[in-house]
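Colleague: We have chain A already, so just place chain B on it with the hints.
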Amino acid sequence: MGALEHANWFMTALFCTMSGVIVASVLLAQRGRAMFIRRIPGLAAIEEAVGRATEMGRPMLFSTGLWGIDIVTLQALAILSYIVRLAARQATRLIVATASSSLLPVAEESVREAYTSAGRPEAHRPEDVRFVSEEQFSYALGTIGIMARERTATNFLFGAFFAEALMLTENGRVLGALQVAGCPDPTQIPFFIATCDYVVIGDEYYAASAYLTREPTLTGSLVGQDLAKALLIGLILAGIGLATSYAGPAAPHNFLLNWLAQGR
Amino acid sequence: MREALQSLFLLRQAPNPTALAICLGLALAASVLLLYALHRLLGPRGRRWLIALVTFVGGLFFGLEWFYPARGHPSKNFLTDWIEPVSNMLTVVGAFTVGLGIYSLSQVHGRNVRLRRPGWHNSLAFFIAMVAMFVFGLWEHYLHLREPLPKLVPWPKGIYEILFSGLFAPLQAATFSLLAFYIASAAYRAFRIRTAEAGLMMAAAFVVMLGQVPVGAWLTSAIPAASGWSFFRLEKLGEWVLAWLNTPAQRAITFGVAIGALAMSLRVWLSLERGTFFSEQS
Numbered sequence: 000m001g002a003l004e005h006a007n008w009f010m011t012a013l014f015c016t017m018s019g020v021i022v023a024s025v026l027l028a029q030r031g032r033a034m035f036i037r038r039i040p041g042l043a044a045i046e047e048a049v050g051r052a053t054e055m056g057r058p059m060l061f062s063t064g065l066w067g068i069d070i071v072t073l074q075a076l077a078i079l080s081y082i083v084r085l086a087a088r089q090a091t092r093l094i095v096a097t098a099s100s101s102l103l104p105v106a107e108e109s110v111r112e113a114y115t116s117a118g119r120p121e122a123h124r125p126e127d128v129r130f131v132s133e134e135q136f137s138y139a140l141g142t143i144g145i146m147a148r149e150r151t152a153t154n155f156l157f158g159a160f161f162a163e164a165l166m167l168t169e170n171g172r173v174l175g176a177l178q179v180a181g182c183p184d185p186t187q188i189p190f191f192i193a194t195c196d197y198v199v200i201g202d203e204y205y206a207a208s209a210y211l212t213r214e215p216t217l218t219g220s221l222v223g224q225d226l227a228k229a230l231l232i233g234l235i236l237a238g239i240g241l242a243t244s245y246a247g248p249a250a251p252h253n254f255l256l257n258w259l260a261q262g263r
Numbered sequence: 000m001r002e003a004l005q006s007l008f009l010l011r012q013a014p015n016p017t018a019l020a021i022c023l024g025l026a027l028a029a030s031v032l033l034l035y036a037l038h039r040l041l042g043p044r045g046r047r048w049l050i051a052l053v054t055f056v057g058g059l060f061f062g063l064e065w066f067y068p069a070r071g072h073p074s075k076n077f078l079t080d081w082i083e084p085v086s087n088m089l090t091v092v093g094a095f096t097v098g099l100g101i102y103s104l105s106q107v108h109g110r111n112v113r114l115r116r117p118g119w120h121n122s123l124a125f126f127i128a129m130v131a132m133f134v135f136g137l138w139e140h141y142l143h144l145r146e147p148l149p150k151l152v153p154w155p156k157g158i159y160e161i162l163f164s165g166l167f168a169p170l171q172a173a174t175f176s177l178l179a180f181y182i183a184s185a186a187y188r189a190f191r192i193r194t195a196e197a198g199l200m201m202a203a204a205f206v207v208m209l210g211q212v213p214v215g216a217w218l219t220s221a222i223p224a225a226s227g228w229s230f231f232r233l234e235k236l237g238e239w240v241l242a243w244l245n246t247p248a249q250r251a252i253t254f255g256v257a258i259g260a261l262a263m264s265l266r267v268w269l270s271l272e273r274g275t276f277f278s279e280q281s
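As you go down the protein sequences, you meet chains A and B in turn. In terms of numbering that gives the first Met the number 0, the first sequence is residues 0 to 263. In terms of numbering that gives the first Met the number 0, the second sequence is residues 0 to 281.
Excised from the complex, chain A in its bound form (with noise of 0.2 angstroms):
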């Protein structure tokens, strides 16, 4: 089966109600239903994490993986803009790692905006938002560079990491930070469970600015976001009740198969 491009109608019937149910969700939020969202112990250690670094008075590291702009690391940006409102308001440094050059300016106006918003835009120091390199190994010695010299008490890794995520925690760890990484794909979660105090995990990267914020726009996002995934995984049993009741004798007959088998 060759790769798919452009969508079936299924895709596109499944885009536009997973897409109308988020949209609902957030609609109705905004109209004031209040909505509750679990404890996510990754996201709730953030205000921790920057109060140590506040009581050790050493700097932060905010990584954003190897990516440039993309969902993966505007999710980022949210964070790390919240990140920064904390350190701004208890004075503590934060130094962002970038490996994209496209990703820079914005994280560069991220950070700006996030100080001033928090009152103290005298606080901002451009050179504390560095674009290390392109490469993934250099990005991670350079990174690695910045933990050692500047002695940071946490690392925040919030993006999309490969191989040099395993480098960069084990090397936090041995210097004695405090570490919270997320990262949405599952074969780098491991490594970051292995060695960093708190993770966000799988769809939970999602759920940031909104856990965080509270507002009722993204709030509302996060609980469809939650209704979109009950909507799937009733498809999911429809589909298993569907593929298992026409098995056997019947299996030619069975449309869904049929479907899936051709790729259509």
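No lab work stands behind these hints, which were simulated from the structure alone. Model, not experiment: these values are computed from the prediction. Glycine included, every Cβ here is placed at the ideal spot set by N, Cα and C. Heads up, a few of these hints could be off.
As the list claims (entries may be wrong) - Computed footprint of chain A on chain B; a stretch qualifies when at least three of its residues, placed anywhere within it, have a C-beta under 8 angstroms from a C-beta of chain A:
(1) 69-75
(2) 133-141
(3) 258-265
Modeller: The following block gives chain B in isolation, referenced to the frame of chain A:
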């Protein structure tokens, strides 16, 4: 109109080098002027609106191209032909930021050298390496050497080879090889049996790792492959753990992440996300 625009953005034949150079110069000058004008004329609110508008139009374009019914083989709709030029445009915009990256690096390392901070010689090494790679990389490129190379290559090519194949590539490989030691130390910590969950993970890891190596198959080779007990041969047990326990868990996480990404994309597309460029709420 469409043909004229396509001929402008889709390069169908090798252009005249002089015309290309003039076009590139004019495009660069126009882009700089446009960026300067936008920067001067638009306030923060205006910039936010512009970014929101461009984000919406861009998202609409790529979304429509993907979801709009397509016909033929390869399947196309009325927007498919525009994917390549629009992607090229994004690459060009991205290329503008390379200068910002170099500026950021030069700022940090220049200050280290100027103030003679501890380790300033590393910053000096950065400048020497950057200039050397830049000069000899371009020089080597414009030598237009073709395979097979002559026995005695021109010296700029030789220096480039020393810098890239002799220094850069081995340094990258050496850094990558360090990963093996990091994995060993992280695995040691992760597999220490302190809780029931850690014990379970250790047992699963033990089975999977032994199932992947010949000694694992040898250890349980006494169990006949055709018997009903063959499931307990380590290579089969390891495969079962991977296919029936690990894969579903990974897929479940991937489903959750995909829906999270969809919600995040909608928030960014509709400018609902909190952050510098997305929201009035920030």
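Colleague: Now tell me if each hint is right for this structure.
Modeller: Against the structure, the hints:
1. Counting residues of the segment 69-75 of chain B whose C-beta sits closer than 8 angstroms to any C-beta of chain A gives 3, which meets the bar of three, so the coverage hint holds.
2. Given a C-beta distance limit of less than 8 angstroms, the hint that chain A covers the segment 133-141 of chain B is violated, as 0 residues qualify and 3 are needed.
3. Requiring three or more residues with a Cβ within less than 8 angstroms of a Cβ of chain A, the coverage given for the segment 258-265 of chain B holds, as 8 such residues are present.
When the structure is compared with the earlier hints, a violation turns up for hint 2 alone.
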